[in-house]
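Respectively, the protein sequence lines represent chains A and B. FYI, my numbering numbers position 51 of the first sequence as 51, with every residue one higher than the one before it. In my numbering, each number is its position in the second sequence, counted from 1, plus 86.
Please keep in mind that the hints were generated in silico from the structure rather than gathered at the bench. Heads up, some of the hints might be wrong.
[Stated by the list, open to error] If we take Cβ atoms under 8 Å as the criterion, some of the chain A residues that face chain B in the derived model are:
hint	residue
1	Gly-16
2	Ala-26
3	Ile-47
4	Val-48
5	Phe-52
6	Ala-55
7	Lys-58
8	Asp-59
9	Tyr-61
10	Tyr-68
11	Ile-71
12	Leu-74
13	Ile-78
14	Ser-81
[As the list claims (entries may be wrong)] EDC-like cross-link-like pairs, simulated, lysine to aspartate or glutamate; straight-line CA separation at most 20 Å:
hint	chain 1	residue 1	chain 2	residue 2
15	B	Lys-365	B	Glu-332
16	B	Lys-314	A	Glu-63
17	B	Lys-239	B	Glu-149
18	B	Lys-158	B	Glu-248
19	B	Lys-106	A	Asp-59
20	B	Lys-106	A	Glu-63
21	B	Lys-239	A	Asp-59
22	B	Lys-153	B	Glu-240
23	B	Lys-106	B	Glu-332
24	B	Lys-239	B	Glu-249
25	B	Lys-365	B	Asp-230
26	B	Lys-153	B	Glu-249
27	B	Lys-365	A	Asp-31
28	B	Lys-239	B	Glu-332
29	B	Lys-246	B	Asp-311
30	B	Lys-153	B	Glu-260
31	B	Lys-158	B	Asp-88
32	B	Lys-339	A	Asp-59
Where a beta carbon is used, it is the ideal one built from N, C-alpha and C, also for glycine.
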Amino acid sequence: MRKFAKHMPHYFSLFGLLLAGILGFAIFSYDRIFQIYTAVAVASAYIVWGAFHHALHKDLYLEVIIEYVVISSLGLIIVLSLILRV
Amino acid sequence: MDFVNLVLHFVVPRPSNNHKAGFLHSPVIMIIIFSLFVYQLILTSVPSVLPRVLGFASSIPVEEVIKLTNQKRVEAGLTPLNTNPILQEAAQAKAADMLAHDYWAHVSPGGVTPWDFFRNFGYTYRFAGENLARDFANPSSVVDAWMASQSHKENIMSPKYEEIGVAVVEGDLEGVDTTLVVQFFGSRGAKVAQAEEVVRERGVKPEPQIEGQYLASAPILSPLDSTKGLSAAVLGLLLGVFLVDEIIVYRKKIFRVSGRGVAHMSFLGMILLVVLIIKSGQIL
């Protein structure tokens with residue numbers, strides 16, 4: 001938890017990014033193209049956030065990057081499969 | 087490894103999984119991604135093997151769509167539209183044409199425009215417009231979706247229109263049991279707008295009309311709901327495992343090279359919210 005508190009400024013930017021994504025989906029609820037762009041943008045930004053965060057804390061390794069890529073890919077495939085099923 | 091140990095291996099950080107719950111290892115998540123992809127492929131192929139198994143349950147009375155549309159106009163200080171039986175029939179024919187020729191568009195693959203349906207039913211218009219919707223569960227969600235889109239809202243709120251015709255037709259579109267809503271707007275007059283004079287004569291033969299405009303269909307499986315259910319289950323499982331993993335790692339002060347659990351939980355939590363927010367229905 002102390003570690004989390006120390007990283008709070010980083011997490012604020014992450015929460016802002018995720019909040020923007022949610023608002024995009026809620027406001028443009030029937031604009032599929034916008035939703036697809038939003039999903040890709042948020043997933044990509046999450047990987048970039050992870051890379052910067054770990055680089056700044058000097059614990060950036062290939063397997064960490066792969067982890068962020070895999071998690072964002074999971075999120076992306078779930079959202080895209082829903083958008084294309086609507 | 088007995089069953090309990092196998093479960094613990096996947097949900098709790100311990101020496102057997104290098105102090106990271108098995109479900110959170112990248113190769114396991116990649117297998118989950120692949121499984122979700124395969125599920126979507128299966129859903130896509132179901133209509134060709136088992137037609138009309140997939141579909142969207144809906145209950146959309148025509149009168150309610152017209153009432154809600156007029157309600158929006160009155161709220162904006164506009165006059166309500168009068169229901170015109172000719173426009174109702176034309177809208178019905180348009181919906182039947184989309185099902186018969188398996189398309190979802192304002193203009194059919196053969197080039198038939200919405201205005202052809204107006205003219206084929208003898209409706210001489212001065213101004214005409216069309217809103218389309220599909221796969222909505224109820225009339226208010228249809229009208230709300232149109233109102234959320236600028237171009238559709240302009241049709242609903244246009245002072246140029248005096249009459250309305252709505253059709254709700256259920257049928258098989260691209261192998262999926264679908265409910266189409268066609269909303270025609272018009273105002274009559276001898277003078278035909280310049281843009282509408284160029285509408286080509288295609289000799290459209292309206293399809294036989296489907297009786298009954300109040301439809302309540304109950305397909306076996308909604309592709310959206312089943313995808314939502316599976317996605318929510320996967321996300322719920324991973325969020326739970328992440329939480330347990332984070333607590334144990336924090337309490338045991340385990341050092342490991344890994345991404346931030348709080349960040350992953352936040353991201354997956356956001357995805358779960360999106361899963362809950364996404365609604366069925368498309369407009370055109």
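Each hint tested on the structure:
With its C-beta approaching chain B no nearer than about 11 Å, Gly-16 of chain A sits outside the 8 Å limit, and its interface hint is violated. A distance limit of 8 Å between C-beta atoms decides the matter here; for Ala-26 of chain A the minimum to chain B is near 6 Å, and the interface restraint holds. Of the supplied interface hints, the one on Ile-47 of chain A is violated, with its beta-carbon coming no nearer than about 10 Å to a beta-carbon of chain B, more than 8 Å. With its C-beta approaching chain B no nearer than about 12 Å, Val-48 of chain A sits outside the 8 Å limit, and its interface hint is violated.
For Phe-52 of chain A, the shortest C-beta to C-beta distance to chain B is roughly 12 Å, which exceeds 8 Å, and the interface hint is violated. Violation of the interface hint for Ala-55 of chain A is found here, the shortest Cβ-Cβ separation to chain B being roughly 13 Å, above the 8 Å cut-off. Annotation: Lys-58 of chain A was flagged as interfacial toward chain B, and the flag is violated, the nearest CB pair being 12 Å apart, outside 8 Å. Contact between Asp-59 of chain A and chain B, as hinted, is supported at the beta carbon level, the nearest pair being about 7 Å apart and thus within 8 Å.
Of the supplied interface hints, the one on Tyr-61 of chain A holds, with its beta-carbon coming within about 5 Å of a beta-carbon of chain B, less than 8 Å. Against a cut-off of 8 Å between C-beta atoms, the interface hint on Tyr-68 of chain A holds, since the closest Cβ of chain B lies about 6 Å away. Because the beta carbon of Ile-71 of chain A sits about 5 Å from the nearest beta carbon in chain B, less than 8 Å, this interface hint is met. Proximity of Leu-74 of chain A to chain B holds as hinted, the smallest CB-CB distance being about 5 Å (cut-off 8 Å).
Below 8 Å, beta-carbon pairs count as interface contacts, and Ile-78 of chain A has one with chain B at about 5 Å; its hint therefore holds. Interface restraint check for Ser-81 of chain A: the shortest CB-CB distance to chain B comes to about 5 Å, inside 8 Å, so the restraint holds. A hinted pair counts as satisfied when its Cα atoms are at most 20 Å apart, and Lys-365 of chain B with Glu-332 of chain B does not qualify at roughly 33 Å. For the hint linking Lys-314 of chain B to Glu-63 of chain A, the alpha-carbon distance of about 30 Å lies beyond 20 Å, and the restraint is violated.
Between Lys-239 of chain B and Glu-149 of chain B the CA atoms are separated by roughly 19 Å; this keeps the pair inside 20 Å, and the hint holds. For the given pair, Lys-158 of chain B sits about 14 Å from Glu-248 of chain B by alpha-carbon distance, which is consistent with the 20 Å threshold. Taking the CA atoms of Lys-106 of chain B and Asp-59 of chain A, the gap is near 17 Å; set against the 20 Å cutoff, the hint holds. As the CA atoms of Lys-106 of chain B and Glu-63 of chain A are separated by approximately 13 Å, the hinted pair is consistent with the 20 Å bound.
Distance hint between Lys-239 of chain B and Asp-59 of chain A is unfulfilled; the C-alpha atoms sit about 52 Å from each other, more than 20 Å. Restraint check for Lys-153 of chain B and Glu-240 of chain B: the C-alpha separation of about 17 Å stays at or below 20 Å, so the hint holds. Between the alpha carbons of Lys-106 of chain B and Glu-332 of chain B the distance comes to roughly 9 Å, so the proposed pair stays at or under 20 Å and holds. Note on Lys-239 of chain B and Glu-249 of chain B: the hinted pairing holds, with a Cα-Cα distance of about 16 Å set against a maximum of 20 Å.
Of the pairs offered as hints, the one joining Lys-365 of chain B and Asp-230 of chain B holds, with about 12 Å between alpha carbons and a cut-off of 20 Å not exceeded. For the hint pairing Lys-153 of chain B with Glu-249 of chain B, the CA-to-CA distance comes to about 13 Å; that is within 20 Å, so the pair holds. Pair hint Lys-365 of chain B plus Asp-31 of chain A holds up; C-alpha atoms about 11 Å apart against a cutoff of 20 Å. For the hint pairing Lys-239 of chain B with Glu-332 of chain B, the CA-to-CA distance comes to about 48 Å; that exceeds 20 Å, so the pair is violated.
A threshold of 20 Å between alpha carbons decides the hint, and for Lys-246 of chain B with Asp-311 of chain B the separation of about 39 Å lies outside it, so the pair is violated. About 30 Å separates the Cα atoms of Lys-153 of chain B and Glu-260 of chain B, which puts this hinted pair outside 20 Å; it is violated. For the suggested pair Lys-158 of chain B and Asp-88 of chain B, the alpha carbons sit about 63 Å apart, so the restraint of at most 20 Å is broken. Between Lys-339 of chain B and Asp-59 of chain A the CA atoms are separated by roughly 17 Å; this keeps the pair inside 20 Å, and the hint holds.
Hints 1, 3, 4, 5, 6, 7, 15, 16, 21, 28, 29, 30, 31 from the list above are not met by this structure, while the remaining hints are.
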